[in-house]
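*Asks:* Chain by chain, the residues run as shown.
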Amino acid sequence: MAERAGRSVPETLRRGLTFWRRSIQARVVVSTVLLSTVVVLAVGWFLLRQVQQGLLDHRVDTVVREAGTENQAAQERLAAVPGTDTDANAQANTVVNSIFTSGEARGFSVVMAGPGAPHTSLAERGTKLTPQLDLASVPQSLVDHFDESGSPTIAWTYTTIRFSSRGEVTSSTPGIVVGSTVTIPADGSSRTVYYLFPLDDVQQTLALVERALLTAGALLLLLIAALTWLLTRQIVTPIRLARRVAERLAAGQLQERLRVVGEDDLARLAISFNQMATNLQRQIRQLEELSRVQRRFVSDVSHELRTPLTTVRLAGSVLHEARVGFDPPTRRAAELLQTELDRFETLLVDLLEISRFDAGAAALDLDDVNLTDVVRRVVDSTRALAEQRSTEVVVRAPESPCVAQADVRRLERIVRNLVTNAIDHAESKQIVITVAADEQAAAIAVRDHGVGLAVGESAMVFNRFWRADPARARTSGGTGLGLAIAMEDTHLHGGWLQAWGKPNEGAQFRLTLPRHARHPLRHSPLALVPEDAAEVVA
Amino acid sequence: MTQGEDFRARVLVVDDDASLSEMLSIVLRQEGFDAHLVERGDEALDAFRAYKPDVVLLDLMLPGKGGIDVCKEIRAESGVPIVMLTAKGDTIDVVVGLESGADDYVVKPFKPKELVARIRARVRRNDSPGADTLTVGPLSIDVAGHSVTRDGQPVSLTPLEFDLLVCLARKPWQVFTREVLLEQVWGYRHAADTRLVNVHVQRLRSKVETDPENPEIVLTVRGVGYKAGTSGQQ
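First to last, the protein sequences are chains A and B. Read left to right, the first sequence gives residues 50 to 587 (the numbering used here). Read left to right, the second sequence gives residues 739 to 972 (the numbering used here).
In isolation and in its complexed conformation, chain A is listed as follows (with noise of 0.2 Å):
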């Protein structure tokens, strides 16, 4: 099971990387999106800290004038008082009571410290406070700034709220402590006062706030990304059309033409792709009708050509064979009328072959047929041309029969194209013919060490009527199409036939199959370039 989770995953990351790489409409969609929610989280926080900067300002000037107010009340309460009494402590008291009063009925807290000695804890000044409030509200930064200072009227900073009983935090909220001096009349000493006002409908208000800027922006996002898939796809379903048009036309369906909707710029482009399908159509159309017909032409000639041929043949070689009774001059004529005949014929047959293979009717008439034996065949049926140019022919094949699906007919013609060719040019140095074969494919060289290729020259000895010198002059009376006929008839088993030459050196032509039909080839059981002149190349 884990093994499988560790091969599905790559799998699935790997069809999301495609999907991903293969569609415009998704890149566009994540990339708008993902631009989009940048943006709308930055106007988003920009908008939260002005409000909350609003919102904060106007509470703090609130209360810093209720707090002053309050002050104010308190210290006009203590002026009316008869100037007799002199406790300055009831006088306090008095003062506090009325702060409470109005602060439970309001929503804030008091704190009154005593008077005490510099930068000591408000606890330890002895204070006034309103019941459960936490004494550490009151941060001690603003009980100092009192003591320093010599005698500000008020000042104010933020804080936390904290309410406990019995040593535990009941509740905790963020606040604003305002603090004021009032004198007392009595002894004309100064009291501070704290008032603490909560900011619990600020914060509701900031996440009121923020919860409708957070829903508001997921929707926009949600938004774009629907606009984006939208417009992305009124682009994209035509490029799709169109690929999907052209890989047809591609696959040869030429009749193929996009749907033409509307006047804007994608109806234009369908206008215009129409138009070059069928420009092409008609060019491809034309191309075919004119090779058809000459096509045709070449086989209805040399078929034509055959039945008066066959007349001349006869009759030459009738002649031939009363040669004996005829006077030198006559007697030689008759002689190269048979030759030149035997010439013409080959000639014939080579293009016939070569006119099938471009009519496309060349079929193939598959069998398991042993390389080997066909090498062996074409070695015995050869012997008379080389013996002529005394070359020798060697063969190293294998005990084990190299077995390969293939036409015998076409296969015994290549293999005799290549040996023909080899003696051709082999300059009465020995050949080589190798046979070899393994699960895929089976192969034969044929090794000359001849005159050899000159660069370039390997691709092009495949080609109709090509002669590596053109003023060299043809000995073995080949008519040029050998090779060529070799390679149409390697194409129509799926197999290779490549050359490999140096000049002086000789050349190797490889021949390889694949074992079954139609199985791809991947590689040759032989090397292309043989072993006795690997180095040169490498």
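Treat the hints as calculated values from the structure; they're not laboratory data. Glycine included, each C-beta is placed from N, C-alpha and C at the ideal position. Check each hint, because a few of them may be wrong.
[What the hints assert, rightly or not] DEER-style ranges, computed between Cβ atoms: (1) Thr388/A - Glu921/B: 25 to 35 Å; (2) Gln940/B - Val350/A: 44 to 54 Å; (3) Glu837/B - Thr388/A: 34 to 44 Å; (4) Asn553/A - Gln940/B: 51 to 61 Å; (5) Val350/A - Gly804/B: 17 to 27 Å; (6) Gln940/B - Arg64/A: 44 to 54 Å; (7) Asp429/A - Arg862/B: 36 to 46 Å.
[As the list claims (entries may be wrong)] Capping the alpha-carbon separation at 20 Å, the derived lysine to any residue pairs in SDA-like fashion look like this: (8) Lys849/B - Glu353/A; (9) Lys826/B - Gly804/B; (10) Lys849/B - Leu368/A; (11) Lys826/B - His352/A; (12) Lys851/B - Leu368/A.
Given chain A, work out where chain B should sit, using these hints.
*Replies:* Positioned in the frame of chain A, the structure of chain B alone reads:
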């Protein structure tokens, strides 16, 4: 007709090209055959009946009636060897010609020696000595009498099909390659067109097998050739 002419093998040439026909007749007469020329396909059968040739040379493209049809007509009433002359060496043309009953074919342009060798091979039947009666499966072959019976019913084979069957049946243990069959049955040494063998084996099967798709008498040995099926008794 004189006694001497009777020994000359008779060749009926059916070809619409007058020059070629005349040239053929010259060559054939030089080689010791008697030749009779017909130019139209629809006259071929009458000429065949009247002339009673030993071999028919038949062009495929004929005015009046196609060579394939003429071939079928002649084959319907006689097993006389037919050699087709064809301008097309394509597999399909050759196979159609052979399937219509021809024994052999020569592709134009041919060498006179090649043609003569083939005609000789068809005229001179190889009457090999050996057992007079052979058995392959349900078939019983009377070699001397040139007849084959299947469960008592006579089977009509052309001489070439008969030779092919006898060749295989004489050595039922041996696998014959197509090349060996070409040499032993057709009498060719280097004419390596194995399609001849394939088509004749098919023709033979269609006549002697109960189910030609699953042969029991002429078996294919993949990659090698053919052999006779298990014979009841030698």
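*Asks:* Work down the list of hints and note, for each, if the structure agrees.
*Replies:* Right, here's what the structure says about each hint:
| no. | hint | verdict |
| --- | --- | --- |
| 1 | Thr388/A - Glu921/B: 25 to 35 Å | holds, 29 Å |
| 2 | Gln940/B - Val350/A: 44 to 54 Å | violated, 34 Å |
| 3 | Glu837/B - Thr388/A: 34 to 44 Å | holds, 37 Å |
| 4 | Asn553/A - Gln940/B: 51 to 61 Å | holds, 53 Å |
| 5 | Val350/A - Gly804/B: 17 to 27 Å | holds, 23 Å |
| 6 | Gln940/B - Arg64/A: 44 to 54 Å | holds, 52 Å |
| 7 | Asp429/A - Arg862/B: 36 to 46 Å | violated, 26 Å |
| 8 | Lys849/B - Glu353/A | holds, 18 Å |
| 9 | Lys826/B - Gly804/B | holds, 14 Å |
| 10 | Lys849/B - Leu368/A | holds, 13 Å |
| 11 | Lys826/B - His352/A | holds, 7 Å |
| 12 | Lys851/B - Leu368/A | holds, 14 Å |
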